[in-house]
Amino acid sequence: MEVLLFGLIAEKAGVDRLTVDASTMQELRNALADRIPDLGGLSHAIAVDRCIVHDNRPLTGSEEIAVLPPFAGG
Amino acid sequence: MEVLLFGLIAEKAGVDRLTVDASTMQELRNALADRIPDLGGLSHAIAVDRCIVHDNRPLTGSEEIAVLPPFAGG
Amino acid sequence: MSSEKTHKVKDIFVEGSIDPAFIATSITKHATRTDIGAHEIFLGQVRSDIIDGSNVVAIEYTAYRDMALERMTAIREGAFAQWPSMTCLHVHHSLGNVQAGELCFMVFASAPHRVAAREAVAWVVDRIKAELPIFGREVLSDATHVWKTNA
Amino acid sequence: MSSEKTHKVKDIFVEGSIDPAFIATSITKHATRTDIGAHEIFLGQVRSDIIDGSNVVAIEYTAYRDMALERMTAIREGAFAQWPSMTCLHVHHSLGNVQAGELCFMVFASAPHRVAAREAVAWVVDRIKAELPIFGREVLSDATHVWKTNA
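Residue numbers (our numbering), protein chains in the order written: chain W, 2 to 75; chain U, 2 to 75; chain Z, 9 to 159; chain G, 9 to 159.
Fair warning: there could be bad hints in the mix.
[Stated by the list, open to error] Simulated restraints on C-beta separations: (1) Val22(Z) x Gly24(G): 31 to 41 Å; (2) Arg73(Z) x Leu43(W): 54 to 64 Å; (3) Thr33(G) x Asp17(W): 28 to 38 Å; (4) Gly61(Z) x Glu12(U): 18 to 28 Å; (5) Ile59(Z) x Pro92(G): 30 to 40 Å.
The set of hints was computed from the structure by calculation and includes no laboratory data.
Being a predicted model, the structure only gives us computed values, none of them experimental.
For glycine and all other residues, C-beta sits at the position ideal for the given N, C-alpha and C.
Based on the sequences and whatever the hints tell you, model everything.
See below:
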């Protein structure tokens, strides 16, 4: 599945999108930690289909995934 | 003493200033009631030297007196 | 703009309506104050209320100028005392004829952060409506008039 | 402007800073809506904070556009649900480079009476800052940068 990266997270990853394999949110988190340096130390949230989720829901692979650093609008 | 009239009060009085004699606020109120039709039925406040007063203070005659209908600024 | 914080009596009254272009100019003047992060602006617009079947077509504002400016100076001082981070505060009110749909009132506060600007504008608007001796003659479409009253 | 009340997804993003003249034009467009009595406008301005001895000279904004616009649509619906008297609500946010002293954000609500406009703007500004995935890279005078975070 494709994962969109933004802001500081994209800067740390050096890219603004990644392709990973994951069938649950936990697998996704693990895959992202492998690919993005220091992700554990960076405040971030994961959006699935444009909603931030915190659970370990299954993923079909067709979702729109994004990794979001803290917001700075306004 | 000269009394400034504003808005609806001036309209009812037909003038925007009056000269009255009064040595206390109560005398002033009585003099104004004689000169302004229906004043008792009109919501108003009296300002002495630009502050609204409600008491029966004495007046020297050198004060700036104004009769103010309800405010409508904004 | 820092001279705004001095508390000498400033005239707030303008003849006729407030032009949106004037507001834009006022906003633009703050670009050099890069300690500002937030502007809050309240604008009053003359509403075409229906009174006894007729529309309000305009309001003619008059004021007891000297008292209004004295009260405004006290309100300004109160605002800077309560929100000391406020960078500046601009107030304008119309006198004379303002047509329905035109602007008659502006309160514009700026501050490093939004809460001070927001709270100061709300407080200043409410105080002005309650305390400034400004009078409004609502001219109706049938050529009669009524006197506006802030509830 | 009554079409504002429909809840289709509207784009709020503009490239670069928000021009005060655009704000004046937006205000002017409301003159035909003579049921409006109050406008409340919040403007965000890029602040030249000092970070580790360097000044912020600009912010470069990026956003997760699709999610931001979906969240904005929900916030708009929430605002009209809570303040049904609100006549219209206009929101704009910059993307790309905005220099210190320039405007990056506008929330503009109009209503017959002031309290609805005031409360709606405060709520919408706070919700946007908390919920919209917008990111800000603060460019410093020493050519380094830091990422802005809404506390």
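Consistency of the hints with the structure:
1. Taken as a hint, the range 31 to 41 Å holds for the pair Val22(Z) and Gly24(G), whose Cβ atoms sit roughly 32 Å apart.
2. Between Arg73(Z) and Leu43(W) the beta carbon distance is about 59 Å. The supplied range of 54 to 64 Å therefore holds.
3. For the pair Thr33(G) and Asp17(W), the beta carbons lie near 35 Å from each other, so the given range of 28 to 38 Å is met.
4. For the pair Gly61(Z) and Glu12(U), the beta carbons lie near 22 Å from each other, so the given range of 18 to 28 Å is met.
5. Evaluation of the 30 to 40 Å hint for Ile59(Z) and Pro92(G) yields a failure: the beta carbon distance comes to about 24 Å.
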